[in-house]
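Protein chains: 2
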Amino acid sequence: MTSIITPRTLKGFRDYPPHIMIPRERILETARRVYRSYGYAPIDTPALEYLEILSGKGGEESDKQLYQFQDHGGRHVALRFDLTVPLARFIAQHFNELGTPFKRYHLATVWRGENTQRGRYREFMQCDFDTVGTRSVQADIETALVIHDLLRAIGFEDFRVHINNRKVLNGLLDVLGLRDRAVPILRALDKSAKIGPEAVCREMQTAAGLTESQARRVLELTSLRGENEEVLCGLEELVRGSPLGEEGVAELRDLLSAVGAAARPQCFRVDVSIARGLDYYTGTIYETFLEALPGIGSVCSGGRYDNLAALFTRQELPGVGASLGLDRLLAAMEELGMIEGVQTPAPVFLPFFESTRRNDYLRLAALIRAAGWGVEFYPEPKKLAQQLKYADRRGHRVALVLGEEEFQAGRCRIKDLKSGNQVEVPLQDDAAELIAALRRMLD
Amino acid sequence: MTSIITPRTLKGFRDYPPHIMIPRERILETARRVYRSYGYAPIDTPALEYLEILSGKGGEESDKQLYQFQDHGGRHVALRFDLTVPLARFIAQHFNELGTPFKRYHLATVWRGENTQRGRYREFMQCDFDTVGTRSVQADIETALVIHDLLRAIGFEDFRVHINNRKVLNGLLDVLGLRDRAVPILRALDKSAKIGPEAVCREMQTAAGLTESQARRVLELTSLRGENEEVLCGLEELVRGSPLGEEGVAELRDLLSAVGAAARPQCFRVDVSIARGLDYYTGTIYETFLEALPGIGSVCSGGRYDNLAALFTRQELPGVGASLGLDRLLAAMEELGMIEGVQTPAPVFLPFFESTRRNDYLRLAALIRAAGWGVEFYPEPKKLAQQLKYADRRGHRVALVLGEEEFQAGRCRIKDLKSGNQVEVPLQDDAAELIAALRRMLD
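Chains A and B, in that order, give the protein sequences. The working numbering numbers the first residue of the first sequence as 1236 and each following residue consecutively. The working numbering numbers the first residue of the second sequence as 1236 and each following residue consecutively.
It is worth saying that the hints were derived from the structure and are not from the lab.
When chains are identical, the list treats them as one kind, so a pair holds in a single copy or across two.
Within a straight-line C-alpha distance of at most 20 Å, the following computed SDA-like cross-link-like pairs (lysine to any residue) qualify:
| id | residue 1 | residue 2 |
| --- | --- | --- |
| 1 | K1617 | R1370 |
| 2 | K1624 | H1329 |
| 3 | K1624 | S1371 |
| 4 | K1246 | R1310 |
| 5 | K1429 | P1419 |
| 6 | K1246 | L1286 |
| 7 | K1246 | E1287 |
Predicted model only: the values in this text are computed from it and were never measured.
Using the sequences provided together with the hints, build the complete structure.
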């Protein structure tokens, strides 16, 4: 007897069995549908790229996390760690065929050799969409609308897209003559939720060299709260005199007017406290929170950047985009009871009783599939109890009970597998009444 | 000025720009829909696995093609080269939660360090579906039906699923007392299309040690042609006296009766000449040919196996499945003019004329999206000619021409971007007439 290799996965990697995969696929399909509805087009790029292409962009921390090796030809290669660097490489390489503005979505796996102690996975999916090649605020507006439509299409009604604009803070720093200290200031502000405003105030003084009154002015801006219009007026006040700051507030105002016209205004909130990324974003910034579970953090984030692909082309490529946090969103939906947990995509279960009727079962299953429902036909004529146990475990919604007697009498019982209720319907050649009954029970 | 990294992909790897990716996604979505309609459930597994798990199964040739390396923790790991070994590992690992019969589909990328001279890619997608844990011929029948439904759903009417059963040839070899030479005989038969029957006949004598009359008997079987019933009768004749051979013919007959009842009988053909794989398949075998392009080879192939996961568990796991050849099918569709080649998933293009009407455009776009069509709204109020050039290049089907004058008059022109024809419709608050006109033009 040969020895058995213990079946196991690598640390930080996961299998996706059906009950996990079914809701994942549903969200991915929803994301594709919403992205497409705005004219974003799908692309894909290789999982493996030249190490040179992937390294150097994200800084030392991400370089260390790259899965890198030498391939059969001795080339230094690595697995992609995000979809942004591949997008930059892709657009630089195909710029002439693509043209701008170029709107793409990309749903794909990325790999990072992260410390799994922090509950992070080493393989996960990203769901990005971006508009590249335009500075128009219309692209920022559209990005906010996509986030709105996406969350609704997935099944959420109560969520808030928090919107900020990097130009506002930079405008205030201009007013205060502190523009050159933006990075340490942002770094301090980024810790706000963790360490509180007083500690942030101290850090701005110690790490960025601000006076206490300067630090208080910065804090005043980032702690503005209230209705959108109220916050916008407060910001206008604070950045007055800085063209950049005024432009930032005007962009925010414009964006809110537009999304309020085309979507539900209550879903959008100006939030000057969000400060995603230290030096990548340059304009609008987005984070999205679920009202029912704010603590899990943003489920869809992004922003505007000035130049996507400086590593690969001298062509300047401004753009704006965001990314759905698939794993976080699924965890939230699980917690909120929004996931059924079934192991089958087919609502209808067709037990196999009478061997001699096999072709009749197959014909019936084909009719139900043509009407739009998945049907699982059990492969062996086993005892009904055993087949129903299987159906129950899988999570089928109804079973069609059809033995020789039913075939001869021209009728079929539909058993609701949750409630146990049964209805009996006539069974004609075209199964029209059965299909009508399924429509009532399943749709 | 910093130096630019030349944007490029690795040899054997491809980018998928929108005009390539749009039809790919359409086929993948069709495959998921058809697989689901039979109750196959999606799974996914990691791209990276322990080298030990992936090596050793496929033989030296595939081991050599494995992308393997040591990860950050010094583990020997490799990228999956197919979806069968991961399925075996997955079922062995999760057997108790999954239960059998277990029906799964898995659409995912695999990597092979192949010789690219042969036009092969080193990264490609596989689209497998399998039923594991049952010996019932019903699973074989269902596999044939899935192939049938899948090809039709993708858009083909004229195709043939060629079906063979490994037991038939083995039965004849039993009758001739040649069962122990099955491997060299199959190896010779596999070359039939390339070298012709006479050379195969000689090879069976030289390489497998058959007498000339034995070799002729084998050739007689594999060259049977004609109507299904005719071929089945001929096979029955040849394998008479071998229980295994008779079982094989009975299974073929049973399968043809069933698929003839539930699908279009003319799509299925008994073909004793197909001999996929030398030692993996043990029962039914499938290959699928397009009538319009038989030369490109099988676009969907598979078969029945006795034991999926012997490497990972002592649990015996018989099963049957097949795999859609995505790249080959797309190449065929391209050649047959079945692919539009558009660069956008949105049929409707909405030019942006009047800055002051921006929110009106956005509201209108939202209404059209809610009615089910994708709308691309141009992000900047540029000249109409420039915007239409963009739309034309992308492949949008209609443009909505709406300037200040049209807004005031409450009307909208719909321009068919292929024919250049225009129709004018009233523009109400709910865009009902516009949507009705789009339905006539786009559906």
